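Enquirer: Spelled out from the first residue to the last, the chains are:
2 protein chains.
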Amino acid sequence: MKIGYLGPPGTFTEEALLRTYTFPQDEAVPYASIPDVIEAVDRGEVERGIVAIENSIEGSVNVTLDVLAFDSEAKVIGEVIYPIRHNLLARSGLALVDIDTVISQPHATAQCRKYLAAHLSGAKIIAANSTAEAAQIVCTHPGNVAAIGTRIAAEIYGLEILAENIEDFQDNQTRFAILGKEVPPRTGFDKTSIICFIYQDRPGMLLQILQEFAYRYINLTKVESRPAKRSLGEYIFFIDMEGHIQDKVVDEAIKCVVCKIDRVKFLGSYPRFKVAK
Amino acid sequence: MKIGYLGPPGTFTEEALLRTYTFPQDEAVPYASIPDVIEAVDRGEVERGIVAIENSIEGSVNVTLDVLAFDSEAKVIGEVIYPIRHNLLARSGLALVDIDTVISQPHATAQCRKYLAAHLSGAKIIAANSTAEAAQIVCTHPGNVAAIGTRIAAEIYGLEILAENIEDFQDNQTRFAILGKEVPPRTGFDKTSIICFIYQDRPGMLLQILQEFAYRYINLTKVESRPAKRSLGEYIFFIDMEGHIQDKVVDEAIKCVVCKIDRVKFLGSYPRFKVAK
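Protein chains in written order, with full-length UniProt numbering: chain A, 1 to 277; chain B, 1 to 277.
These are computed hints drawn from the structure, not numbers from a lab. All the pointers check out, no bait thrown in.
Copies of the same chain look alike in the list, so a pair counts if it works inside one copy or between any two.
Quick list of in silico lysine-lysine cross-link-like pairs, DSBU-like style, CA-CA up to 30 Å:
#1 222 to 265
#2 222 to 274
#3 181 to 229
#4 229 to 274
#5 248 to 265
#6 248 to 181
#7 114 to 2
#8 229 to 124
#9 181 to 260
#10 2 to 124
#11 2 to 274
#12 222 to 260
#13 114 to 181
#14 265 to 114
#15 274 to 181
#16 229 to 260
Here the structure is a predicted model, which is why all the values come from computation and not from measurement.
Just chain A, same shape as in the assembly (with noise of 0.2 Å):
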């Protein structure tokens, strides 16, 4: 099975799927950005994509967000949770006080703030498109620079781990939402994923939302405002929820949900994730 990620090699998407989802036989297809993984699941191009959907640390990866809300019909099939690790990364014969200059997507630059501060506060900051970016530019860089990336990263890119574990808060995870074209099989632990499109301003309107489910007894995952890309203050709501559409209660609620507001998007119904160990 071809499986979409965001390249080039070495990214943390690329990590999560190697060590949680594939098979051997899997081909893992790398992808310039998620927009373009998403696409390609659209197009049929994969039959399967994997994409950063929730940082534990940074929040919701907004592209994901808006494209699957806006831009697809990609149904969400099954979710990956992976702990993120950065690491300090320089080519071989470089160390620590040596560095002058650090390259990393800004996100992860962010998520190391206040060991940057500590270690290195004099170096100069610079961005790049991706982690993996960031050591590709690294390996081959004359000057005396250090990436933040992966574990992976390094190995691919011959690279030297100067730090480990260099993040400011531990716990520091990512959901990852595997995509496809179908809704699997109710398991007994799963998830459903709707999108609450919400255009006139009317007050309270979340709060009716929610009882729908409160009445229920089915329990809310996550509640996420995102911008309806319409003007300031116009939102659509992200809602996760225990259980699965076919579940009898879980469609019902999202049947009279239908009823109140613009527009219900249904993303998908998955298993949950387990963690190993």
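Add chain B to chain A, keeping to what the hints say.
Expert: What follows is chain B alone, placed relative to chain A:
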């Protein structure tokens, strides 16, 4: 009065500040990052700070929310809403067909995705820390590069505007928070911002918070979840409402929320932004 903002000169924040908030006697002081602006307010190095808090397309500016929630005692004392217009900037003499590389802050690049796909589909996309930094790079870069940035950056760095208003969505507006240390008096056209910390996973807790406001006919202008930075599935909620903490119903509602949850942080009461013209 000294007002801190995200530099270098030519950022959207500077443009919004100069066009809406400053008086001739004020001094705008550039800082390298949003956390630096907020810290400068906390330390009293500047009397005011201006930071982007929310964009109508991209959503909340996570770093602003996180620093206000976890690392600062600064208060929101005002707000400014300013339209964002993206422009393609290049050295004089270059035409659109010449451009093979586009440099910008990744959010700006994301906001011009459709324009770039239509007009510069083969171009390499390079990340910068801000649109102003991108303009700064482009003005001395020997290659066929363009930046996505402000009109003010074109003036500062002597660049030509190859294309204007290239953003994908109209109504691209950013709301900026003005930070200080005091609570401005009630004007009768105010907003109040709080942060609700809910550490235990108690189903329906958000519903119960929202009910306190609905019961008192207080209109919420924003409900936004952010990770609690502890583990996936734990959230804090930013709530903006109409009214001032000196309004009896607002004060009462917040006191009732305080009784129900782990912690409520009062971010400020301030005059709502009045759109000019």
